[in-house]
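A.B. asks: Listed below, chain by chain, are the residues.
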Amino acid sequence: MDSERIFGLLVAQIRDTVPDLETHPIARGDVLADLGVDSMERSEIILAALEEIGLKVPMVDLHGPRNIGELADLLAAKSGG
Amino acid sequence: MDIAITGIGVGCGAGHGKPAFRHALFDAPDLFGVLRREGRESPADTPPFLGVEMPDPPDILPPRQARTASFSARAALSSLAEVWDQAGLDAVAPERIGLIVGGTNLMAREQALALRAYSDRLVYVPPRHGHMFLDTDICGLCTAAFAIRGFARTVGAASASGAVAIISATEALRAGAVDACIVIGAMQDPGAHDLQALRAMGAMGAPHFADSPGRACRPMDRDHDGFLYGEACAALVLQRSGDVDDGAILGRLLGAGQVADGTRGPEPCSAAQVQAAERALAEAGLTAADIDYVSGHATGTPAGDATEIETYRSLGLGHARINATKSITGHPLSAAGVVEVAAVLMQMAEGRLHPTRNLETPLDPDFGWVGPGGATHAINHALKFSFGFGGISTALIIGAP
Chain A
1 MDSERIFGLL VAQIRDTVPD LETHPIARGD VLADLGVDSM ERSEIILAAL
51 EEIGLKVPMV DLHGPRNIGE LADLLAAKSG G
Chain B
1 MDIAITGIGV GCGAGHGKPA FRHALFDAPD LFGVLRREGR ESPADTPPFL
51 GVEMPDPPDI LPPRQARTAS FSARAALSSL AEVWDQAGLD AVAPERIGLI
101 VGGTNLMARE QALALRAYSD RLVYVPPRHG HMFLDTDICG LCTAAFAIRG
151 FARTVGAASA SGAVAIISAT EALRAGAVDA CIVIGAMQDP GAHDLQALRA
201 MGAMGAPHFA DSPGRACRPM DRDHDGFLYG EACAALVLQR SGDVDDGAIL
251 GRLLGAGQVA DGTRGPEPCS AAQVQAAERA LAEAGLTAAD IDYVSGHATG
301 TPAGDATEIE TYRSLGLGHA RINATKSITG HPLSAAGVVE VAAVLMQMAE
351 GRLHPTRNLE TPLDPDFGWV GPGGATHAIN HALKFSFGFG GISTALIIGA
401 P
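In order, the protein sequence lines correspond to chains A and B. With this note's numbering applied, the first sequence covers 1 to 81. With this note's numbering applied, the second sequence covers 1 to 401.
Derived from the structure by calculation, the hints contain no laboratory data. Careful, some of the hints might be misleading.
[Claimed, not checked] 25 Å max Cα-Cα, derived DMTMM-like pairs, lysine to aspartate or glutamate:
hint, chain 1, residue 1, chain 2, residue 2
1, B, Lys18, B, Asp30
2, A, Lys78, B, Asp120
3, A, Lys78, A, Asp30
4, A, Lys56, B, Asp120
Just need the whole structure built from these sequences, with the hints factored in.
C.D. replies: Dropping the structure here:
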């Protein structure tokens, strides 16, 4: 799955998990923590996205990205897409 | 030193808040029916489970927290919001407020549903389930939403959990640990596995009234054949009497007793029940002759009701009026003790006793049962029994304000 589609999935999960962000614009350069997403919510968002993509990756392998765009790129790479 | 109760919050099959509970108690509408909440389906080719389910609690939490809060937690928060305002807890320093949640395995139905939903994709279990499977998740949600910074914990004593939570709160207040202690009898949310086990054990009814749910719950009646589960939740605020204005006091906890029967299962023990009552009376400086009203544990199981009547007889409670709140609410398991103390206080305030639904032919006519019609009565000293599986017998003495 390509990075753009995964970014869309992540944004949908972010809005689902943190209803306060429902209408807030979210860009690839945004950082989850700066949007007010706490660490438990971050795990929920990523795990839900992993399931949608069909990826099985340990959470510890997903700690590098500095923003949502980089997270989408990393997930895209892991999904071979 | 006696302990004052300064707030009541409650939810039951009739709705959330004291007005709905007052209507349930004194009008005694039929709240019973087939249990329909997801995860409570009876096994194929067996009659459905009967009982009482409550309407959705009002939204207290913001959507961000509410979306992962259990049903039991949302019911707890509704009752907590109600007591918080009534007892004026905004005026108490947060670090001087404690919270004790009575009950264990409170969210079993939702856990069973999650287990089912993720059985073939375990790797995607939401991380948050790592704290949601603990009963203390309710403590976390309550203290995150309200300024409670003294302590927060759960205590378990099966169907006596609510009563034991009240006893624990009085201990914390007497020790000076906090100035106000909130007690929540949390809503027990059993799933089909638990309900079927209770049915198989012979504790839960009601094979004889499968077609007429409204007649099935019959505590202390000759035609009783088991308890019926009922969703309910309640909260109380306890404070040292000397710390509050007399006008704010809804009732006084004068004495308490808890005895370990020395048994593992559901079998009741009259000797332990009597001893619990004697301890509570001794602490209150009263005798059985001073008790004018008994709020029975009175679930409607044949063994439980018979044993409890033996206890009344041994204590010499023939002069007292007695009713069974579970005939109206169903048996809320963990929440029972707190819900029923709330009922005692509301009857005290109203000067009348709620009906015992379906009490048509009392097991022993020599007691002062309050039948289906209710009664006018000014309560001075109430005796409240709560018993739990695992040999837990408790008694509380509650005095008028």
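A.B. asks: Confirm or reject each hint.
C.D. replies: Taking the hints in turn, this is what the structure says about them:
no. : hint                  : result
1   : Lys18(B) to Asp30(B)  : holds, 18 Å
2   : Lys78(A) to Asp120(B) : holds, 22 Å
3   : Lys78(A) to Asp30(A)  : holds, 21 Å
4   : Lys56(A) to Asp120(B) : holds, 14 Å
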